[in-house]
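Participant: Listed here are the chains, written in short residue letters.
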Amino acid sequence: MGKSVDIRTGMNQDLFNQWFDERMAKREAEHTPSMTIIATKGTLDMAYPPFILASTAAALGWDVAVFFTFYGLNLLKKDLDLKLSPLGNPAMPMKLPVGPKWLQDTELNIPNALMATIPGFENLASGLMKKTMRDKGVASIAELRELCVEAEVKLVACQMTVDLYGMKKDDFINEIDDWVGAASFLPTAQKADISLFI
Amino acid sequence: MNTTTEHSLDARGLNCPLPILRTRKALAGLEDGETLLVISTDPGSVKDMESFCNQTGNELVENASVNGEFRFTIRKSQEKRHG
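Protein chains in written order, with my numbering: chain F, 1182 to 1379; chain S, 47 to 129.
These are computed hints drawn from the structure, not numbers from a lab.
Predicted, not measured: the structure shown is a model, and the values here were computed from it.
The beta-carbon is built from N, C-alpha and C at its ideal position, and this holds for glycine as well.
Be careful, since some hints might not be right.
Stated by the list, open to error - Here are some of the chain F residues that sit facing chain S, going by a computed Cβ distance under 8 Å:
(1) 1233
(2) 1236
(3) 1241
(4) 1242
(5) 1315
(6) 1319
(7) 1323
(8) 1345
(9) 1347
(10) 1368
Said to hold, decoys possible - Result set (DSS-like, lysine-lysine): computed pairs, CA atoms no more than 25 Å apart in a straight line:
(11) F/1317 / S/93
(12) S/93 / F/1372
(13) F/1222 / F/1349
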């Protein structure tokens, strides 16, 4: 066994295998995991996944970049006035953040079509969700975004969306790393270990 | 082995991912070998703290549940990254 020799390297096979394993282990240990996220939604509920995942990955020591495009750009505005939309969101739970626990845990059975069409319902639902989040110790979007900035998560904004909707750059936070297009972001995503579309 | 905890972090009432993010921040201010006591009430933090330590190379010295609170003792180690 020990005498077999790898034809390509001329090395003893066992030694070669040992060398190879060591090299691979070293490579793995030195590799910094990376993640890219494409954030496309601007509602309060859909603002959470990108910021939670990005800030947590950064806490694990990973390199993270988030590309905000279309309605996702709302998440980079100075004024974060995010709302829930019951419309087309049929699994959205409707619960009260006040009253006894049994009531708070009860799912209010309001038809989605009704919630989506009653004027003012979006504001009400958004307010209730923000209260629930606060009461249960879940960070606000502004707080999570700040933590991302602090942890050097790269916040990248889609230039095309800004032009398309005539948005003003002054309305956005100064911590945006770059204003680019898809062709600039994709090469980063290509090298990432994880890439998510949210 | 010296397990005296010199630093502590109260993460009670905070939910995912805040206990982990605050822990990371608190550890950043510690010297290698120093320990941090984290107290949380988020049940998800039990698994998450294990995973966090595993990923960052910090040592989870103790992981206890007392009266609905979770206590973690983490020893800061030279940061290591995993693939």
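Participant: Find the hints from earlier in the document that the structure breaks and name them by number, from lowest to highest.
Facilitator: 5, 7, 8, 9, 10 and 12
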